[in-house]
Amino acid sequence: MKTKDYVILGFRNLWRRKSRSFLTIFAVVIGALSIIIMLSLVIGAKNVATKQLESIDGLTLVSVSANSEMESSGNLLSTDSGDGDSEMIINDSDIVKLKNIQNVVDATPLIGIWVKSVKLQGQEKRYRANILAYDTGSQVLKINPDVGRSLKKGDMDKVVIGIGLVKSLGYTENPEDLIGKNLVLYVEGGYTDWEADPPKPPEGDNKDYWENLQKPREITAEIIGIVSNGPDESQNYITLDWARKLMTQKEWKWDDEKRKQMEQTRNSIEQQVSREWESKKQQLYAGIKNDASDEERKEVEQNYRNEMETEIQKRMTTMGYNQTNFLTLIKHDMLSERGYGSILVRVDSTENVEKVGEEIKKLGYGSQTAKQMLDEIEKIFNLVGLIIGTIGGIVLFVASLGIINTMVMATYERTREIGVMRACGATRKDIRNLFVFEAGIIGFMGGLIGLGVSYGLAKIGNTIGNQIALSEGIPINNLISFPLWLIVSVIGITTIVGILAGLFPAIRASHLDPVEALRSE
Amino acid sequence: MPSPRENIIQLKSVRRTYMMGKETVAALDGIDLDIKEGEFVAIMGPSGSGKSTLANVIGGLDRANSGYVEVDRQELGKLNDRELSEYRNRKIGFVFQSFNLISNYTTLENVMLPLIIAGMPSRMRKDKAYGYLKAVGLESRTDHKPTQLSGGERQRVSIARALANDPKIIIADEPTGNLDSKKSSEIIAILKGLNRQGKITLIVITHDPNVAREADRTLKMNDGVITR
Numbered sequence: 001m002k003t004k005d006y007v008i009l010g011f012r013n014l015w016r017r018k019s020r021s022f023l024t025i026f027a028v029v030i031g032a033l034s035i036i037i038m039l040s041l042v043i044g045a046k047n048v049a050t051k052q053l054e055s056i057d058g059l060t061l062v063s064v065s066a067n068s069e070m071e072s073s074g075n076l077l078s079t080d081s082g083d084g085d086s087e088m089i090i091n092d093s094d095i096v097k098l099k100n101i102q103n104v105v106d107a108t109p110l111i112g113i114w115v116k117s118v119k120l121q122g123q124e125k126r127y128r129a130n131i132l133a134y135d136t137g138s139q140v141l142k143i144n145p146d147v148g149r150s151l152k153k154g155d156m157d158k159v160v161i162g163i164g165l166v167k168s169l170g171y172t173e174n175p176e177d178l179i180g181k182n183l184v185l186y187v188e189g190g191y192t193d194w195e196a197d198p199p200k201p202p203e204g205d206n207k208d209y210w211e212n213l214q215k216p217r218e219i220t221a222e223i224i225g226i227v228s229n230g231p232d233e234s235q236n237y238i239t240l241d242w243a244r245k246l247m248t249q250k251e252w253k254w255d256d257e258k259r260k261q262m263e264q265t266r267n268s269i270e271q272q273v274s275r276e277w278e279s280k281k282q283q284l285y286a287g288i289k290n291d292a293s294d295e296e297r298k299e300v301e302q303n304y305r306n307e308m309e310t311e312i313q314k315r316m317t318t319m320g321y322n323q324t325n326f327l328t329l330i331k332h333d334m335l336s337e338r339g340y341g342s343i344l345v346r347v348d349s350t351e352n353v354e355k356v357g358e359e360i361k362k363l364g365y366g367s368q369t370a371k372q373m374l375d376e377i378e379k380i381f382n383l384v385g386l387i388i389g390t391i392g393g394i395v396l397f398v399a400s401l402g403i404i405n406t407m408v409m410a411t412y413e414r415t416r417e418i419g420v421m422r423a424c425g426a427t428r429k430d431i432r433n434l435f436v437f438e439a440g441i442i443g444f445m446g447g448l449i450g451l452g453v454s455y456g457l458a459k460i461g462n463t464i465g466n467q468i469a470l471s472e473g474i475p476i477n478n479l480i481s482f483p484l485w486l487i488v489s490v491i492g493i494t495t496i497v498g499i500l501a502g503l504f505p506a507i508r509a510s511h512l513d514p515v516e517a518l519r520s521e
Numbered sequence: 001m002p003s004p005r006e007n008i009i010q011l012k013s014v015r016r017t018y019m020m021g022k023e024t025v026a027a028l029d030g031i032d033l034d035i036k037e038g039e040f041v042a043i044m045g046p047s048g049s050g051k052s053t054l055a056n057v058i059g060g061l062d063r064a065n066s067g068y069v070e071v072d073r074q075e076l077g078k079l080n081d082r083e084l085s086e087y088r089n090r091k092i093g094f095v096f097q098s099f100n101l102i103s104n105y106t107t108l109e110n111v112m113l114p115l116i117i118a119g120m121p122s123r124m125r126k127d128k129a130y131g132y133l134k135a136v137g138l139e140s141r142t143d144h145k146p147t148q149l150s151g152g153e154r155q156r157v158s159i160a161r162a163l164a165n166d167p168k169i170i171i172a173d174e175p176t177g178n179l180d181s182k183k184s185s186e187i188i189a190i191l192k193g194l195n196r197q198g199k200i201t202l203i204v205i206t207h208d209p210n211v212a213r214e215a216d217r218t219l220k221m222n223d224g225v226i227t228r
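For the record, the sequence lines run as chains A and B.
Last residue of the first sequence: number 521 in the working numbering, and the count goes up by one each step with no gaps.
Last residue of the second sequence: number 228 in the working numbering, and the count goes up by one each step with no gaps.
Hints should not be assumed to be uniformly reliable.
Only part of the chain B face toward chain A is listed, based on derived beta-carbon distances under 10 Å [as the list claims (entries may be wrong)]: (1) 59; (2) 82; (3) 164; (4) 227.
Dumping the calculated PhoX-like pairs for lysine-lysine here, alpha-carbon to alpha-carbon at most 25 Å [as the list claims (entries may be wrong)]: (5) B:91 with A:429; (6) B:126 with A:4; (7) A:18 with A:116; (8) A:2 with B:183; (9) A:4 with B:145; (10) A:331 with A:153; (11) B:36 with B:78; (12) B:134 with B:192; (13) B:36 with A:2; (14) A:253 with A:215; (15) A:99 with A:167; (16) A:245 with A:260; (17) A:250 with A:215; (18) A:125 with A:152; (19) B:22 with A:429; (20) A:4 with B:128; (21) B:168 with B:12; (22) A:46 with A:429; (23) A:200 with A:253; (24) A:379 with A:99; (25) A:46 with A:97; (26) A:371 with A:355; (27) A:253 with A:207; (28) B:199 with A:2; (29) B:220 with B:168; (30) A:142 with A:250; (31) A:142 with A:355; (32) A:2 with B:145; (33) B:145 with A:18; (34) B:36 with B:22.
In case anyone wonders, no lab produced these hints; they're calculated from the structure.
Just so it is clear, the structure is predicted and the values come from calculations on it, not from any experiment.
For every residue, glycine included, the Cβ atom is placed at its ideal position computed from N, Cα and C.
One chain only, chain A, in its complex shape (with noise of 0.2 Å):
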């Protein structure tokens, strides 16, 4: 017999029992699922890590923070310094320190600028943003837009922005558009040094304007550039310059030693006009009748104290007294403050990498390099692989046992036709091998849908999964993926098995008699 008569008449066999062969079928699917699912997810895993780093040459960069028992994040451009409990905070003087390591090319502070929400000016819907603050100088990440400009060292309320916020924002298809458009960012709480100064609190204790102060407020800042290839999409890029102003705020501050000095002032001024008026306090006191009433006593003193108050405040003014100077505008620079976020150091080779690394630990930070992410990231999804993987194997072995039963059931089935078929001078191994491929078309039936369903959903996880990495700032793009070789094996390896699994029930019809196989009903 002919091989392509095997699969026509193997097909044609599976077909007279649509919902037998269907459920067969059925359980080969799972089990090439989870076996799909385990492999893309190994593989996504690695494809993403790898190609974040490629992406900023990230093999010789060293993450490093002030908290030396730092967890490894599994991104290398996080400004997470971890915990608070660190004393230590990381500034200037720890760069210069950082530079100073033999091997390290440049270092630069990463800062998360924190914004509530973003929108394009004149539109109304806002987005989620991850805003990342740079030495643009520096010789360390290199952000290349592929449309517009990079950012320049001195640049201020400029923004390169990645791809993911200009899929947000539906310029995927004409992303140079955005060059030249404003981004609006949202910030609440304290103002910054790029704003208008703050108003100033009245008198007293003021509800609406402690209020008023806590709404958020728009800045705006131009994109410049869009950057499609770097390290993570989500990300979008100011420089350390104007991060400086932005993360340093301003309030007012009522002004307690100018107080009390005026209330000194006030009091000397005061004793110095009741002495000059003494006589003329006299002079009133006279005057009053002995028989004028209690009333018209308190209001000739009255009009005394009014007079000299006026008096007093005239003087204080020419001295330059005045109310409002009690309030100063207070700046907190939250950079020297609390530090930087993280550093980010090159280093000039990557055999030199994990030796910089150890250097780094010694001065008491904490380091994390590109190789150690790696490490982190693959032991996690090599695990969650294992699992699955395990899973499938056994889903796999149980839709083999499924095989093994409808193909007994088939010989048991066909054992006429099986005489019918050798009196016609058919061989052994010709009912060997139709039944094997029988076996086998149920395998590879099971790899395919398996592959089709898996790509769906895989489309639709990407889908749902590039959303949420997003607007959760996870550096995770397209994170399933079917590459050629995982197609080719999983249809390989589930024909395999369903060949396996036809194997005995083949043999067994085979070896049937044909004049009892004749005989059978």
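Got chain A; can you put chain B on it based on the hints?
Okay, now just chain B, sitting in the frame of chain A:
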């Protein structure tokens, strides 16, 4: 009678035994038989007399335990499974009492079965199978399933299938057993035509004296031996 012909089938002291529990039963108990090429032989006898076993041994479906079986200059005892299968495929056509058509296949496909097994290309085997269906008068039923045919039609399909590979010998095991007398004579007429015009050696097992009358020679069997 045509000119002297060679023996196409030679059996010498053929025994075929079965184990029935602990007892050995001889279905064929020393058969000596010569059948000439183009001969029409009818085999009669009560059931259990060994007729079918004899036909199966000659047709290569069954093997003798001892003795010598030679068909068309091939000694069957020396053939392995593949060679014996090829022998059945090329030289023998079987026709059964219960037709033994594959119910899932169409008439044409049933006729093509020996050709599929022989590995004939699809175009060729279709043409050939169609030709034989036409020969048995069923060319209008090529796409019917066996269940849509009458008993006589089914038997004609199975004759077309037996003919598909141009065999030298057709072995028919009670081909009219399930048919009424009118259909029986139709089938016998077809088989006899093949024997006379096609020079095909014909072995028919039958209970029907009318069928046996058509044969060149009738063998009677009882208890595994040929009695006449």
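Quiz item: Does the structure break any of the earlier hints, and which numbers would those be?
Solution: Going through the list in order, the structure violates hints 4, 7, 8, 13, 15, 16, 18, 19, 22, 24, 25, 28, 30, 34 and respects the others.
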